[in-house]
Amino acid sequence: TAAVFPPRSMKSPAVVGVLCTDSQGLNLGCRGTLSDEHAGVISVLAQQAAKLTSDPTDTPVVCLESDSGNIMIQKHDSITVAVHKLAS
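Everything in the sequence shown is counted per this note's numbering, starting at 1 for the first residue and increasing by one.
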């Protein structure tokens, strides 16, 4: 997981969770508030968002917002990354 999540990604006090999945929703690594049970949903959200654009070079970012924080999800090639940040 160290290669997937550089240590600096969790150094920001606002970042409380990170997760990486493959295109099948398999958890490749996670820390903090995001866990294995979130991998499938995160992967599917990124795949569905990609279908909303006809430009194959456009990489949408899915942002789930709440009063307590945000979860940002983006697909990079075959890997999907999610970052959970607390509201500032």
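Honestly, I wouldn't trust all of these hints.
Unchecked claim - Computed spacing ranges between beta-carbons, pair by pair:
#1 78 x 14: 25 to 31 angstroms
#2 50 x 28: 28 to 34 angstroms
#3 88 x 47: 26 to 32 angstroms
#4 61 x 24: 16 to 22 angstroms
#5 78 x 54: 25 to 31 angstroms
#6 78 x 36: 17 to 23 angstroms
#7 54 x 33: 33 to 39 angstroms
#8 56 x 22: 28 to 34 angstroms
#9 86 x 54: 31 to 37 angstroms
#10 44 x 13: 14 to 20 angstroms
#11 86 x 29: 16 to 22 angstroms
#12 53 x 24: 29 to 35 angstroms
#13 40 x 63: 30 to 36 angstroms
Said to hold, decoys possible - Taking lysine to any residue pairs in the SDA-like style, the calculated list, with each CA pair at most 20 angstroms apart, reads:
#14 85 x 55
#15 51 x 40
#16 85 x 15
#17 85 x 74
#18 85 x 31
#19 51 x 14
#20 85 x 32
#21 85 x 23
#22 51 x 77
#23 85 x 24
#24 85 x 58
#25 51 x 29
#26 51 x 22
#27 85 x 33
#28 85 x 57
#29 51 x 81
#30 51 x 33
#31 51 x 67
#32 51 x 69
#33 85 x 60
#34 85 x 70
#35 51 x 23
#36 85 x 68
#37 85 x 37
#38 51 x 85
#39 51 x 64
#40 85 x 45
Simulated from the structure, these hints should not be mistaken for lab results.
Remember, it's a predicted structure, so these values are computed and weren't measured experimentally.
Glycine residues also receive a C-beta, built at the ideal position from the N, C-alpha and C atoms.
Hints breached by this structure:
Per hint list: 2, 5, 8, 10, 12, 13, 14, 19, 21, 23, 24, 25, 28, 30, 31, 32 and 38 violated.
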